[in-house]
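Enquirer: Spelled out, the chains give:
There are 4 protein chains.
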Amino acid sequence: MKKVGIVGGSGYTGVELLRILLRHQDIELTTVCSRTNAGMRVDQYFPSLRGFTDLLFTDPVDADLQALDLVFFATPNATAMHSVPALLKQGVKVVDLSADFRIQDASVWQTWYGQTHACPELLPKAVYGLPEIHRDRIRNAELVANPGCYPTCIQLGFMPLLEAGIVDRSTLIADAKSGVSGAGRGASVATLHAEVSDNFKAYGVAGHRHLPEIEQGLLMMGEGPVSLTFTPHLLPIVRGIHATLYATLRDESLSEEALQSLFEDRFRDELFVDVMPQGSHPETRSVRGANTCRLAVHRPQNRATVVILAVEDNLVKGAAGQAVQNMNLMLGCEERAGLEILPLQP
Amino acid sequence: MKKVGIVGGSGYTGVELLRILLRHQDIELTTVCSRTNAGMRVDQYFPSLRGFTDLLFTDPVDADLQALDLVFFATPNATAMHSVPALLKQGVKVVDLSADFRIQDASVWQTWYGQTHACPELLPKAVYGLPEIHRDRIRNAELVANPGCYPTCIQLGFMPLLEAGIVDRSTLIADAKSGVSGAGRGASVATLHAEVSDNFKAYGVAGHRHLPEIEQGLLMMGEGPVSLTFTPHLLPIVRGIHATLYATLRDESLSEEALQSLFEDRFRDELFVDVMPQGSHPETRSVRGANTCRLAVHRPQNRATVVILAVEDNLVKGAAGQAVQNMNLMLGCEERAGLEILPLQP
Amino acid sequence: MKKVGIVGGSGYTGVELLRILLRHQDIELTTVCSRTNAGMRVDQYFPSLRGFTDLLFTDPVDADLQALDLVFFATPNATAMHSVPALLKQGVKVVDLSADFRIQDASVWQTWYGQTHACPELLPKAVYGLPEIHRDRIRNAELVANPGCYPTCIQLGFMPLLEAGIVDRSTLIADAKSGVSGAGRGASVATLHAEVSDNFKAYGVAGHRHLPEIEQGLLMMGEGPVSLTFTPHLLPIVRGIHATLYATLRDESLSEEALQSLFEDRFRDELFVDVMPQGSHPETRSVRGANTCRLAVHRPQNRATVVILAVEDNLVKGAAGQAVQNMNLMLGCEERAGLEILPLQP
Amino acid sequence: MKKVGIVGGSGYTGVELLRILLRHQDIELTTVCSRTNAGMRVDQYFPSLRGFTDLLFTDPVDADLQALDLVFFATPNATAMHSVPALLKQGVKVVDLSADFRIQDASVWQTWYGQTHACPELLPKAVYGLPEIHRDRIRNAELVANPGCYPTCIQLGFMPLLEAGIVDRSTLIADAKSGVSGAGRGASVATLHAEVSDNFKAYGVAGHRHLPEIEQGLLMMGEGPVSLTFTPHLLPIVRGIHATLYATLRDESLSEEALQSLFEDRFRDELFVDVMPQGSHPETRSVRGANTCRLAVHRPQNRATVVILAVEDNLVKGAAGQAVQNMNLMLGCEERAGLEILPLQP
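Chains as they are written, first to last, in my numbering: chain V, 1 to 346; chain E, 347 to 692; chain S, 693 to 1038; chain F, 1039 to 1384.
I should point out that these hints are in silico values taken from the structure, not numbers from a laboratory. Source: prediction; values computed, not measured. We put the beta carbon where it would ideally sit given N, CA and C, even for glycine. Where hints are given, some of them may not hold.
[To be verified] Have a look at the derived ranges for each label pair, beta carbon to beta carbon:
(1) E:Glu686 to F:Asp1174: 31 to 37 Å
(2) E:Val407 to F:Arg1341: 29 to 35 Å
(3) E:Gly553 to S:Thr728: 25 to 31 Å
(4) V:Ser261 to E:Ser516: 24 to 30 Å
(5) V:Ser261 to S:Thr728: 27 to 33 Å
(6) V:Glu264 to S:Lys694: 51 to 57 Å
(7) F:Gly1222 to V:Ala258: 53 to 59 Å
(8) S:Arg727 to E:Arg481: 53 to 59 Å
(9) F:Gly1152 to S:Asp718: 52 to 58 Å
(10) F:Ala1156 to E:Lys349: 58 to 64 Å
(11) F:Gly1242 to E:Arg614: 49 to 55 Å
(12) E:Ala536 to F:Pro1315: 30 to 36 Å
[Stated by the list, open to error] Chain E residues, not near chain F, derived (Cβ > 12 Å throughout):
(13) Leu434
(14) His463
(15) Pro470
(16) Lys471
(17) Ile479
(18) Asn486
(19) Ala536
(20) Leu608
(21) Gln647
Excised from the complex, chain V in its bound form (with noise of 0.2 Å):
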């Protein structure tokens, strides 16, 4: 059986690759590393981990990653890159969570991210793991980056439109709520109960670091340039993203239905892509703890915008849950394997 361990334990997508890992058939998870924790029982900081694993947290100086088949890094970014370079000289194959791998052009990850890339020359190898697109590389990829939460549900939603090219690439509208586990278990003020609870808001609307990852995303789907209106709101709920995406349709002939078959066609045999009949409206709470993003597509008042709204869990199709569909092609395993997880409701 593949050995796999974690790198960044502690955090939020760290304690939902061990939700779903430990209770993947398929795979061994051997060990899990957190610097602040090592020596501490991993259920006894996670608490609803009780009688599902008796694991302790290492710390990474002292794991032994090298004899693992393959390591999660679910680290913050500019993190990973440090160690990524050691581990894939010795074999062992990484799917990296953080942001540190996605983008291929390191002036542009420099930019946005505010420091020099540590190993720009692994860009080119990394593989960028939005399964729905590049499924055969990632089966042969060593290291995998994984995509960002906003960024995964945005492309998914956009792409039957922009590889068909049936609307205006320049004027994208992505207007999306995220919960506030996708900003980390990190101690903060913007993120406290009292702060985020019956309240909302928009931020980053200036410039998100999710822009340029999604732009160059879209730009592989069709022929030319994409602009893209990225606005992040941050909702006061733990878990879920919801995407509303608007685009111009080229072609206002098409109707409705037709872009409903459009969608079908696109991901009848995705896995983890749903397109719902037409007229609905998905709610993040139908995909919470599962590995589904949930799509659904209208064209209101018969006018030229389309309206698609896309929903996952951020913290599972968004970060860990797409992590181990990663892992699965990678070392072999059902694309589904330990991801069979029905959501809760409600």
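Assemble the complex: chain V is given as a structure, and chains E, S and F must be docked to it using the hints.
Expert: Chains E, S and F in isolation, oriented as in the chain V frame:
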């Protein structure tokens, strides 16, 4: 002292009128009608009012509304229209918080509200109660149609752009998010805590009743036809609307600073519209309980798409507060009377 | 493979049964009844189930329940009692999640539930489905009365103290707090999001229907009469009960360590009761979606009052999960089958 | 007009003092100190105050506090005690919202707060600011120790019972639940939205700092030693405390009606304590933003255990509102001045 009454005092806009009017120094609230609760003390039904009133609910058929100077209707749609004609004949002024008199064209109203209008002859007499546009007409009005919650902040947000004629009128988008109190106090599964909490979704994307109201208002700002894509969403909060508005600049040489000045100039003398400093992200909580609409202006990446952020408390500037603002104008009180309320923070 | 069905599949305990049973490897769910939704696809009503079932809702009068091995009743109180006698006669086993068979004394039931019991002759046959006490009787039962949500964790929390006879039986206090899903999925004003959210209150202090059920259970633990003060409160959360239990030690020389051992010994072999380390504060979220009751034992200031903290998910160990645990015992499956669910964190 | 200032103006009790004092007609707020934000406009930091103040934050070392009539300390514990002696010498009155002067016995304070008290000689001079007990002493006080949030409602709830000597003083229980704003505005993981939301837990069961403060207060009501079991819990709400209090009647012949009268008589002349009608369940929201403590009296099943329900807004009657009430008494204003605030509903 002028005497006023409320018909429909047991819903959320009703109790919000009570909260404001019971502390209003210049008028006397003498009558609160509720068919269901007739005879019960108002503060028994709403314990938050204990110590502030001794009023009992009256059945509307028993209430001596003709003796009042002004009556608020906080009733479900298609209720006020049956009582308003008689009151106006008696010289009683009316502020209707429902949708009965908001649409000037009775056939449009009938299409969206699904029934015949009871007094279409009054529609030309009804003044649309958005003081930032119709202040002078409101002062002299006998019947004011208080705007809907979404329409208030969406119209205020687009107003400077459309009046100045600097954006494309055919590609307007309003991505709006509302707290659940906007759905009223009726028993329903869809607005149960267990359905709404830790959840988020769009609704009515195919067509929401506020669309014709908003388009009617936008049409009067500047010249030419208007087309709006309006996408409402349900927020897991009690009070608050956040509208994220998108418009395309006709002239891309206009700087973000120039747009900021345009907004500041337009609303400089408005008591209840607050243009925040450039780069701001207004939050719904900053206006909770207050009669303020707060706006921020953005032009991300200096591209052609302008993004306006607008927040209001749907029960105050979006309903009861604006209704009292209209009453103040109609009865000759100071426009701010009773409305200088500091929002709760946090 | 054994075949089972659900009557009352459109409420919260119904959909929770669906979530668990659709992933249960050892039984087949063949029938889901709902009068209101008969003929509709189950996953149309609950989109969270898309991809996991093709079942349609059946009207209970059309369903061939007699052909099943076991039927769950997730119906409102006073419904199951009309159908259960006929099913039992056909040899179909029943787990009733409502209150119809929980109280052994029909006259007590009638006092608290306000009507005549339809089949009091079945009460002696009904086994109270708390496996931690009645496991052997449940294995042989034809009819199991699944315990109420509050009664489950309150009985488990007091159990070691009362069985050991070390606390005063006449001054027991249970200060219990429940999430709103415990109130069910019916339309009601009291459980609207706008009423419950950012709010907290006690209810039913004068007398809650779970009081006689709990006292009946406590009475069977140890010797002598029992008197409980039970104060339920409504939490602004969806799932979860936290019971804070108070009891007075008869012998103050018993240390907190001795109490801790007492609890650990009592539940050592229980799969679904977890005694946390001394000094712990279990949180409702740590059992969300899981069939676990987590307990912690405290003796503050080393005084005579023992404080037990107990948490459970009211829809799982407090309803559907415990029902499946009972089914597993009744049908000879492994007790843990289908119930090894990791809680969502966060 | 009397001049007052706030030290520690950027926390939750600080901004709540601002909300109240900026609308107080009889005093002038001239100074708001915050080391971190010195030089920044107060309404830039708290946009909810835009339009209500032009004040800037001052560094406390630069502020001319000696020129004021009264200073509020809304600082973390163990801060005020370093500045208060000098101010008192200058004749400036002080209301301290922290715990520095609440415990009369310096050694007890030192045990619970983990450090040496800086000015134990002032403790005998400090008046405990619970007006319902110490009104006359507060009027003449130079230094008022504003009570803690839990202690306020727990003392008010037990007060009539202990003063009348009708309950056992050795078996008192306070099961208290607080909103998260009580934990203050510091960055911390434990109070993140993603940790607190849709969750509930007890904390500090082994011993909370408010325990000695409450027991000190209860001791002064009636005769004899007192023993309290105090269990605090964290509610997923922003504002509000609900204390459920349990006491055992010495004389079981006392009816619920008699208990109700006892409470009504005790608080008849109190402006800010509201005894609800028999059988009521006060909710935290009914006092949100208001300086009211609402009480209800129950004697379930007519047994020996009395249950008192007490709610307050922890930031108002539990902190800033009570501080202003104390200020009103100390400066000779009307006790209700600035505090006639109607709670938001819903």
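Enquirer: Examine each Cβ of chain F, and state whether all of them lie more than 12 Å from the Cβ of asparagine 486 (chain E).
Expert: holds (28 Å)
Enquirer: Could you see if the CB distance from glutamate 686 (chain E) to aspartate 1174 (chain F) stays within 31 to 37 Å?
Expert: holds (34 Å)
Enquirer: Can we confirm that no CB of chain F comes within 12 Å of the CB of leucine 434 (chain E)?
Expert: At roughly 31 Å from the nearest Cβ of chain F, leucine 434 (chain E) sits farther out than 12 Å, so the non-interface label holds.
Enquirer: Could one say that the CB atoms of glycine 1152 (chain F) and aspartate 718 (chain S) fall in the range 52 to 58 Å?
Expert: holds (56 Å)
Enquirer: If I claimed the Cβ atoms of glycine 553 (chain E) and threonine 728 (chain S) lie 25 to 31 Å apart, would that claim hold in this structure?
Expert: 27 Å Cβ-Cβ, so the 25 to 31 Å window holds.
Enquirer: Indicate whether the distance between the beta carbons of serine 261 (chain V) and serine 516 (chain E) respects the range 24 to 30 Å.
Expert: holds (27 Å)
Enquirer: Closest CB-CB distance from proline 470 (chain E) to chain F, is it above 12 Å?
Expert: holds (36 Å)
Enquirer: Measuring Cβ to Cβ, find out whether isoleucine 479 (chain E) lies farther than 12 Å from everything in chain F.
Expert: Label holds. Min Cβ-Cβ 21 Å, cutoff 12 Å.
Enquirer: May I ask you to check that leucine 608 (chain E) keeps its beta-carbon over 12 Å from the closest beta-carbon of chain F?
Expert: holds (20 Å)
Enquirer: Quick check: does the Cβ-Cβ distance between glycine 1242 (chain F) and arginine 614 (chain E) fall within 49 to 55 Å?
Expert: Holds - the Cβ-Cβ distance for glycine 1242 (chain F) and arginine 614 (chain E), about 52 Å, lies within 49 to 55 Å.
Enquirer: Return holds or violated for the Cβ distance of glutamate 264 (chain V) and lysine 694 (chain S) against the range 51 to 57 Å.
Expert: violated (36 Å)
Enquirer: When you look at the beta carbon of glutamine 647 (chain E), is every beta carbon of chain F farther off than 12 Å?
Expert: Its Cβ never comes within 12 Å of chain F, the nearest being 25 Å, so this holds.
Consistency note: the structure conflicts with the earlier hints numbered 2 and 6.
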